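Chemist: Here is how the chains run, residue by residue.
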Amino acid sequence: GEDVEQSLFLSVREGDSSVINCTYTDSSSTYLYWYKQEPGAGLQLLTYIFSNMDMKQDQRLTVLLNKKDKHLSLRIADTQTGDSAIYFCAETEDQTGANNLFFGTGTRLTVIP
Amino acid sequence: DGGITQSPKYLFRKEGQNVTLSCEQNLNHDAMYWYRQDPGQGLRLIYYSQIVNDFQKGDIAEGYSVSREKKESFPLTVTSAQKNPTAFYLCASSRLLGQATGELFFGEGSRLTVL
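Same order as they appear, the protein sequences are chains L and S.
This note's numbering applies: residue 132 is where the first sequence begins, and numbers increase by one.
This note's numbering applies: residue 20 is where the second sequence begins, and numbers increase by one.
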């Protein structure tokens, strides 16, 4: 089955950039997503990228996709303490119907003041 | 406000008991999902439904059951057959892919602890 991998932990200082990495095995991925989870809460979509794109920027967030290496990254510029959370990457190969996402293990980002 | 409501937020169960977790959405989404979250393992799909009166097993359906009698509601029953039910359960909904980007909207989760 599909495999989505992330490192479990990342610590950065407030004001620095954070880069969270994700690798996946499914060569048929259509959409790739980044979700954020704060303690004891559900997941919120941060951004997504179509598989035919290389980059997407949205304010402080930059997503890079390397389809050849099956590598996805999320860069958070000027990281703030409020960015401390677990970040999940997810991918799907579905094109119609229900969206059965495959999630990574999540990366816990800790921002040090 | 539109959203997904899960209840209860915390639930304690004795071994051998069935429990039902509620999930209601008012987003008019066709698809609904149940995920289980364990530390260090990410989210794993239990069941999903893309239309009323129809649902499909996910990766870890054993010991769980669902129903989809109404578009707005997708309750999950954790049965006594589930060997390790202590976990954080997340419900989600989405529009169907092909109509939209398939973004999943999540509830706030239900934490089940078996005593």
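Certain hints may be false.
For lysine-lysine, the following DSS-like pairs were computed, each having C-alpha atoms within a straight-line distance of at most 30 angstroms [as the list claims (entries may be wrong)]: (1) S:K102 to S:K76; (2) S:K76 to L:K201; (3) S:K28 to L:K187.
Okay, the calculated bits of chain L under chain S, using three or more residues with CB under 8 angstroms as the criterion [claimed, not checked]: (4) 143–153; (5) 187–193; (6) 207–214.
Hint data in this document are derived by calculation from the structure and do not stem from the laboratory.
As the structure is a prediction and not an experimental result, all values here were calculated from the model.
Every residue gets a Cβ at the ideal spot worked out from N, C-alpha and C, and that includes glycine.
Chemist: Broken hints, numbered, in rising order?
Modeler: Those not satisfied are hints 3, 4, 5, 6.
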